[in-house]
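Undergrad: Everything in the sequence shown is counted per my numbering, starting at 22 for the first residue and increasing by one.
Hint data in this document are derived by calculation from the structure and do not stem from the laboratory.
A couple of the hints might just be wrong.
[Stated by the list, open to error] Below are the DMTMM-like pairs computed for lysine to aspartate or glutamate, each with C-alpha atoms no more than 25 Å apart in a straight line: (1) Lys129 with Glu194; (2) Lys29 with Glu64; (3) Lys29 with Asp226; (4) Lys129 with Glu53; (5) Lys29 with Glu296; (6) Lys129 with Glu80; (7) Lys29 with Glu194; (8) Lys129 with Glu167; (9) Lys129 with Glu64; (10) Lys29 with Glu167; (11) Lys129 with Glu61; (12) Lys29 with Glu131; (13) Lys29 with Asp200; (14) Lys29 with Glu122; (15) Lys129 with Glu87; (16) Lys129 with Glu95; (17) Lys129 with Glu172; (18) Lys129 with Asp115; (19) Lys29 with Glu263; (20) Lys29 with Glu95; (21) Lys29 with Glu160.
[What the hints assert, rightly or not] With beta-carbon atoms standing in for the labels, derived distance ranges: (22) Glu313 with Asp187: 33 to 39 Å; (23) Val265 with Glu194: 28 to 34 Å; (24) Gly235 with Glu95: 34 to 40 Å; (25) His272 with Ala92: 46 to 52 Å; (26) Lys29 with Ala275: 40 to 46 Å; (27) Glu313 with Arg269: 18 to 24 Å; (28) Val265 with Asp324: 25 to 31 Å.
We put the beta carbon where it would ideally sit given N, CA and C, even for glycine.
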Amino acid sequence: MQQRPFGKLGAASALTLGGGGLGQIWGPTTREECVATVREAVESGIDVLDLAPSYGNGEAESVIGEAFGGALPEGVRVTTKCRIGATPAGDVYDLLSTSLEGSLERMKLERVDVMFLHNAVTLGDEGGDRLTTAASVAEAVAPAFERLITEGRIGHWGLTGISHADALIHLLENGPRPDFIQCITNLLDSAGGLLQGNEPGRPRDIIAAANANGVGVMGIRAVQAGALTDGIDRPLPEGHSELVDFERAAHFRALAGVMGFSAAYLAHCYALSMEGVSTVVLGVKNRMELRECIAAEAASPLDDAIITHIHAAIGRLG
Numbered sequence: 022m023q024q025r026p027f028g029k030l031g032a033a034s035a036l037t038l039g040g041g042g043l044g045q046i047w048g049p050t051t052r053e054e055c056v057a058t059v060r061e062a063v064e065s066g067i068d069v070l071d072l073a074p075s076y077g078n079g080e081a082e083s084v085i086g087e088a089f090g091g092a093l094p095e096g097v098r099v100t101t102k103c104r105i106g107a108t109p110a111g112d113v114y115d116l117l118s119t120s121l122e123g124s125l126e127r128m129k130l131e132r133v134d135v136m137f138l139h140n141a142v143t144l145g146d147e148g149g150d151r152l153t154t155a156a157s158v159a160e161a162v163a164p165a166f167e168r169l170i171t172e173g174r175i176g177h178w179g180l181t182g183i184s185h186a187d188a189l190i191h192l193l194e195n196g197p198r199p200d201f202i203q204c205i206t207n208l209l210d211s212a213g214g215l216l217q218g219n220e221p222g223r224p225r226d227i228i229a230a231a232n233a234n235g236v237g238v239m240g241i242r243a244v245q246a247g248a249l250t251d252g253i254d255r256p257l258p259e260g261h262s263e264l265v266d267f268e269r270a271a272h273f274r275a276l277a278g279v280m281g282f283s284a285a286y287l288a289h290c291y292a293l294s295m296e297g298v299s300t301v302v303l304g305v306k307n308r309m310e311l312r313e314c315i316a317a318e319a320a321s322p323l324d325d326a327i328i329t330h331i332h333a334a335i336g337r338l339g
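Can you make the complete structure from the sequences, with help from the hints?
TA: And the structure:
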């Protein structure tokens, strides 16, 4: 599998195995199948595993612990995350530390390579369950992460680059600058239900700012939570943002069919072809889905003519 430059971690496989599918949040699977999927992913050359406690209430991290028993194959790197919302500054370190300890216990590890803030960041004065202010990142989050690095429990820290683009670009340009950032990487530029507020997410601007400031980019939501597949595999209420995106992608699915591909395969090819993205995180829940993504990686990047056809199918002007 192709290796790409990946910031302070040197290089990484073009694909990262994400924890959403392993945590059974992207449709039904089993612990046995998820363990087999993790092992096959690593055997296929994937060397980054992206986890979080919120993926199945710790299930995804428990899968990693069962798959490797605390002895990761050589060269494999692991991430985790923590959501802090509007936690008071004085409590941030303790929250991150406690969350990390639970993650390490489930994965049977002593450290992770990257720990991400699992909140969108805002320039506003008030945070919330899914929002953390840029001021809080500067005052409390970054110092807490740096303390965890000094303690040897994490190697680097990062941000989840969703929503409030101005806040994220401000931190990327002015600091405190993360080592890594996770950015929306799909043909619709859509974060779906993760988007906070009414402003466009502007993921390509965030990716460009990260590249300009030496911050490694992990691409997420390549199939936009199922909206860029042939069929969403879990029940969603009418009007849900993922269903809206699924309808937006109707002509894209038709194009994929004419080309003889599944929509998910072509969507992954597209994400892997986007400039400035080091590694694309997969949300697969079984080996069949994994193998399709590995095939997409082998066929990427797409040539300009195919990308032009994809853009036309979704009404994108370049």
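Undergrad: Taking each numbered hint in turn, which are not upheld by the structure, reported in ascending numerical order?
TA: When the structure is compared with the hints, numbers 1, 19, 24 turn out to be violated.
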